[in-house]
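Asks: The lines below spell out each chain.
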Amino acid sequence: MFLGKVIGTVWATKKSDTCANLRFLVVHPLNLKKAPSTDVVICADTLGAGPGETVICAYGHAARKAIHPDAPAELSIEAAVIGIVDRVDIDEDASDGKIT
Amino acid sequence: MFLGKVIGTVWATKKSDTCANLRFLVVHPLNLKKAPSTDVVICADTLGAGPGETVICAYGHAARKAIHPDAPAELSIEAAVIGIVDRVDIDEDASDGKIT
Amino acid sequence: MFLGKVIGTVWATKKSDTCANLRFLVVHPLNLKKAPSTDVVICADTLGAGPGETVICAYGHAARKAIHPDAPAELSIEAAVIGIVDRVDIDEDASDGKIT
Amino acid sequence: MFLGKVIGTVWATKKSDTCANLRFLVVHPLNLKKAPSTDVVICADTLGAGPGETVICAYGHAARKAIHPDAPAELSIEAAVIGIVDRVDIDEDASDGKIT
Amino acid sequence: MFLGKVIGTVWATKKSDTCANLRFLVVHPLNLKKAPSTDVVICADTLGAGPGETVICAYGHAARKAIHPDAPAELSIEAAVIGIVDRVDIDEDASDGKIT
Chain Z
1 MFLGKVIGTV WATKKSDTCA NLRFLVVHPL NLKKAPSTDV VICADTLGAG
51 PGETVICAYG HAARKAIHPD APAELSIEAA VIGIVDRVDI DEDASDGKIT
Chain P
1 MFLGKVIGTV WATKKSDTCA NLRFLVVHPL NLKKAPSTDV VICADTLGAG
51 PGETVICAYG HAARKAIHPD APAELSIEAA VIGIVDRVDI DEDASDGKIT
Chain B
1 MFLGKVIGTV WATKKSDTCA NLRFLVVHPL NLKKAPSTDV VICADTLGAG
51 PGETVICAYG HAARKAIHPD APAELSIEAA VIGIVDRVDI DEDASDGKIT
Chain X
1 MFLGKVIGTV WATKKSDTCA NLRFLVVHPL NLKKAPSTDV VICADTLGAG
51 PGETVICAYG HAARKAIHPD APAELSIEAA VIGIVDRVDI DEDASDGKIT
Chain U
1 MFLGKVIGTV WATKKSDTCA NLRFLVVHPL NLKKAPSTDV VICADTLGAG
51 PGETVICAYG HAARKAIHPD APAELSIEAA VIGIVDRVDI DEDASDGKIT
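Protein chains in written order, with our numbering: chain Z, 1 to 100; chain P, 1 to 100; chain B, 1 to 100; chain X, 1 to 100; chain U, 1 to 100.
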């Protein structure tokens, strides 16, 4: 899964029936960089995440299971918000990034 | 899922039977950069997206479900247009890209 | 899916039984760059694609379905040629690469 | 799978029911670089990995199977710690990185 | 699938039961670059690949199928060696890397 910040919403009237009525957010993945990522991911959301909130997002089956727990395979989405983040505790010094 | 712009079409007469009769679009993924991405993704489409239109695309099961809802596992595709975008509202300032 | 050009073949006598007798091609993914990609993808092929031909390739279930439509889950491969390309029509000017 | 180092924890009260009660770690992927990666991956963990420990992580079905072996498809997660590393033996000189 | 060179081994005593008793190799992906990739992939192996050998590796279901053909879904791994390479024939001049 990845951490991201909600920065927008996508509207699409013409959509596959298998993802109709879903809310699609524009999520900006977060990293340890000084320079922000330039990519965004479109994520379905049923938790009500709003602009500026930090979210945990998942891909594939996990995304469908979060959005429609009873029949995940019925959905044609592959990314979703699975949690709204209260707090992240990190200690960047715990890793130097290199395999010893 | 990702946002992309339709920039072309691919023709292939010799194809797996499991993806015959499908329309394959060349989709250019969109980002927040000044410099455009140099990658493209080939996406199946049944919504009728045309050149210059912005689309939402999905990978894997989601792509097959969008194209053939009744029997997704019968298809040998793994990317598809799942929606044609009317409008994207983003506020880039809502994220500085860094995990706090 | 992605577009690639066939640039070679891989021979492996010692292989998982679940992918024996398959032909493995070295495929060079194509992009819009002036500088070519340095990555390659190994793809199973049953369409008879040859060196220098442009192909459409797919990952995961789609790849297995293209190679063995009757029992895709029996295969231990995750990339395959699903079509041999006759023509690609693109208009790079149709996209500036940026989310509006 | 990838190797990573645990550098933190994520707290999210508002979460999909299908991943409630799980512990989410911030994992920093390791590489052969001098410059560390700036990406992180959020991984579920039931092995009790702590800050500064090196872990093996897996995506997708593998992640769900590690966390909930009896009913992996019930989970809406797609990355997890599958092992805590005792030792890595590598000989970087065994590869020059180039296809011959 | 990708080509890689075996450069090491990972030992992990504390592991998910669903991947116990498996051998985990450190595999260095190969490319067409002069500069080698700095990433590595951890792959399960039952073919007996050793340091310095070139291997074909696969992700996801394909990896599990190669390692445990009778019950792939029981494993919590998502990358594996599926073949040991005897020879790679490539003609880099067959591709200029650009979509025509």
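Please keep in mind that the hints were generated in silico from the structure rather than gathered at the bench. Even for Gly, the Cβ is constructed at its ideal location relative to N, Cα and C. Among the hints, erroneous ones may be present.
As the list claims (entries may be wrong) - Below, simulated DSS-like cross-link-like pairs (lysine-lysine); rule was C-alpha separation at most 25 angstroms, straight line:
(1) K14/Z x K98/X
(2) K98/Z x K14/X
(3) K14/B x K98/X
(4) K33/B x K14/U
(5) K98/Z x K98/P
(6) K33/Z x K14/P
(7) K14/Z x K98/B
(8) K98/Z x K14/U
(9) K98/Z x K33/U
(10) K14/B x K98/B
(11) K98/B x K98/P
(12) K33/P x K14/B
(13) K33/P x K98/P
(14) K33/Z x K33/P
(15) K14/U x K14/P
(16) K98/Z x K33/Z
(17) K98/P x K33/X
(18) K14/B x K33/Z
(19) K33/U x K33/B
(20) K14/X x K98/X
(21) K98/U x K14/U
(22) K14/X x K33/B
(23) K33/X x K33/U
Claimed, not checked - Here chain X is said to cover these stretches of chain Z; the calculated rule only asks that three of the stretch's residues, wherever they fall, bring their Cβ under 8 angstroms from a Cβ of chain X:
(24) 5 to 16
(25) 55 to 67
(26) 74 to 84
Stated by the list, open to error - A few chain Z positions that, by computed beta-carbon distances, are all more than 12 angstroms from chain P:
(27) A20
(28) T38
(29) D39
(30) L47
Asks: Could you run down the list of hints and mark each one as holding or not?
Replies: Hint check results:
no.	hint	in the structure
1	K14/Z x K98/X	violated (46 angstroms)
2	K98/Z x K14/X	violated (34 angstroms)
3	K14/B x K98/X	holds (21 angstroms)
4	K33/B x K14/U	violated (45 angstroms)
5	K98/Z x K98/P	holds (21 angstroms)
6	K33/Z x K14/P	violated (45 angstroms)
7	K14/Z x K98/B	holds (21 angstroms)
8	K98/Z x K14/U	holds (21 angstroms)
9	K98/Z x K33/U	holds (21 angstroms)
10	K14/B x K98/B	violated (47 angstroms)
11	K98/B x K98/P	holds (21 angstroms)
12	K33/P x K14/B	violated (45 angstroms)
13	K33/P x K98/P	holds (17 angstroms)
14	K33/Z x K33/P	holds (16 angstroms)
15	K14/U x K14/P	violated (50 angstroms)
16	K98/Z x K33/Z	holds (17 angstroms)
17	K98/P x K33/X	holds (21 angstroms)
18	K14/B x K33/Z	violated (43 angstroms)
19	K33/U x K33/B	holds (16 angstroms)
20	K14/X x K98/X	violated (47 angstroms)
21	K98/U x K14/U	violated (47 angstroms)
22	K14/X x K33/B	violated (43 angstroms)
23	K33/X x K33/U	holds (16 angstroms)
24	5 to 16	violated (count 0)
25	55 to 67	holds (count 9)
26	74 to 84	holds (count 4)
27	A20	violated (9 angstroms)
28	T38	violated (4 angstroms)
29	D39	violated (5 angstroms)
30	L47	holds (17 angstroms)
Hint check: violations occur at hints 1, 2, 4, 6, 10, 12, 15, 18, 20, 21, 22, 24, 27, 28 and 29; the rest are consistent with the structure.
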